[in-house]
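Visitor: Sequence:
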Amino acid sequence: MITFNDLGLIPDLLDAISARGFEIPTPIQAEMIPFLLNEDRDVTGLAQTGTGKTAAFGLPILQKLDLETRSTQALILAPTRELGMQVSREIADYGRNLKGLRTATVYGGAPFGPQIRDLRAGAHIVTATPGRLKDLLDKGIADLSKLRFLILDEADQMLDMGFKDELDAILEAANPQRQTLLFSATMPREVARIASSYMQNPHEIVSGDRNRGSSNVSHYFYRVHASDKYAALRRLIDVQTSMYGIIFCRTREAVKEITNRLSRDGYAADALHGELSQIQRDSVMRRFREGNPALLVATDVAARGLDVDDLSHVVHYDLPDEIAAYTHRSGRTGRAGKTGSSHALVHLREGHKIGRIEQVLGRKIALGKIPSGKDICDSRLLELLGRVTSIEVNEEAIAPYLQSVRDSLEGFDREELLQRFISVEFNRFLAEYGDAPDLNPAPPPTRTRRSGLRDSSEKRFQGKGLPTAPMVCLQINLGRREGVLPPQLIGIINKSTQSHDIRLGRIHIDTEFSEIQVDAAMAERVEKAVAGSNYRGKTIRVKRVEGKSSRGSRPGKPGKSGKRGSKARGNSGPKKNRAKKQGSDTP
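Just so we're aligned, residue 1 is where the sequence shown starts under the working numbering, counting upward by one.
Treat the hints with caution; some may be incorrect.
Simulated crosslink set (SDA-like; lysine to any residue; CA at most 25 Å straight-line) [unchecked claim]:
no., residue 1, residue 2
1, LYS353, ALA195
2, LYS364, SER218
3, LYS146, ARG281
4, LYS64, ALA195
5, LYS369, PRO176
6, LYS364, CYS377
7, LYS256, ARG281
8, LYS369, VAL388
Hint data in this document are derived by calculation from the structure and do not stem from the laboratory.
With these hints in hand, go ahead and build the complete structure from the sequences.
Guide: Set out below in structure tokens:
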């Protein structure tokens with residue numbers, strides 16, 4: 001069995017590794033550390049979160065630094081402040097025995113002053129979010145001319161968050177003689193573009209299967225009526241005796257609603273969404289990492305980059321808009337060799353999404369059964385009995401109280417004592433679930449060959465793009481004067497609605513305003529989400545334009561003014577659009 005002592009690391013680093021209690025490297029560490037110590041080639045690493053990739057690239061880079069010079073030699077780019085701070089702490093901890101090592105962390109949502117002082121003091125390793133680093137490059141403060149190592153950590157998430165332009169600018173500004181390391185849980189087209197454009201003959205290291213989730217995570221989905229989703233969520237929580245996990249919702253409104261309902265029903269839960277200030281985010285995450293509360297309800301945007309160990313469960317209250325997001329969500333559990341489970345509540349009309357997720361995961365997702373009232377009572381009773389039978393009895397400490405207990409319980413027979421003992425902690429579950437109805441929908445009827453055929457609208461979707469739909473024209477107070485183009489407008493809609501599935505039609509940009517056709521069924525949602533949001537310091541106003549609506553707009557390529565309609569998606573065909581990131585790089 002390979003140990004860290006076999007990888008060629010210097011004693012100062014081995015001592016730091018040993019102090020953290022690590023002896024056996026993970027697969028990606030065992031392959032990458034010796035490669036980076038002996039090679040100067042670029043590297044792409046396909047790895048899920050929790051596989052130990054920070055040590056995989058951090059340890060060899062620490063060993064190869066020239067600590068006699070104060071220039072920035074290594075840059076680590078991370079999608080969020082939380083992940084950046086976590087990576088920076090780990091790097092500093094591994095390098096604790098390296099005399100003279102200087103590190104700096106650069107991220108949005110914080111004052112520039114301390115970060116500028118850290119950079120000017122000469123940090124050997126800088127960990128940064130793309131938006132803030134781009135700002136510091138524009139101000140002439142960050143200097144990447146002597147960079148030896150550039151690491152893109154969770155590159156797919158950085159692109160999902162709209163950092164494409166910032167990444168391109170940073171990669172262009174960095175020393176062309178650098179060694180580039182790119183890490184990603186999935187390899188979508190944009191990540192592959194960065195690899196082909198900015199890396200030379202990269203060596204690929206894959207931890208697990210390409211684009212697939214961790215093998216340590218068990219996956220389940222539950223069919224449920226929309227009206228029963230919250231009740232089903234409670235049953236999943238109640239049947240577990242010690243759930244420590246994240247509940248993912250599609251929108252921040254849903255996060256607030258579910259958190260409030262859980263709190264009213266006696267569950268300890270916190271909310272994490274994009275409206276929280278950085279101080280509030282830090283407070284929520286500190287409590288959650290401490291395990292109190294043990295439930296976090298979050299949006300995908302807010303939860304990106306979270307680094308929390310020992311999560312037992314991930315619950316998809318809403319399935320994500322993008323399949324890749326399912327992999328990222330599920331990767332929050334089953335980390336560092338531990339096991340975890342992923343549970344999705346699936347509305348009856350969303351069943352087709354499970355098949356697409358299975359294709360990406362490369363495995364079947366088991367159909368689970370929503371726990372019955374009896375299942376929950378059985379589970380809780382066994383948990384109570386387990387606590388009683390495994391408790392250590394301190395006979396000396398309780399001896400003075402035993403006679404009083406005997407006196408109080410005199411007159412109760414054994415059977416009655418057992419009933420009362422169970423009822424003390426069990427009455428709530430008995431009262432709620434004793435006669436609880438079955439929430440599992442009836443199985444769908446067996447589909448005959450004829451009934452299994454797609455209808456004409458599905459055929460039209462497959463053959464010619466999306467089906468026709470009535471459109472509503474919305475006008476917003478941004479135009480050529482603000483420098484907006486169709487991609488920016490699409491990005492604003494994606495970011496405000498937290499969705500990549502808003503169907504758009506023609507886009508017309510004038511000097512002081514823009515007009516966008518939106519699927520009539522989604523127009524009200526877009527109006528409410530976009531109105532009042534901010535674009536480069538300007539508050540956005542939205543109004544409907546009468547007489548410019550249409551019926552039967554045929555979807556075409558998005559992001560081009562005056563072209564046919566489309567979903568708010570990518571560059572051609574029905575692909576996902578990456579929302580452009582504006583302002584601060586904190587979610």
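Visitor: Provide an ascending list of the numbers of those earlier hints which the structure does not satisfy.
Guide: 1, 3, 5, 6 and 8
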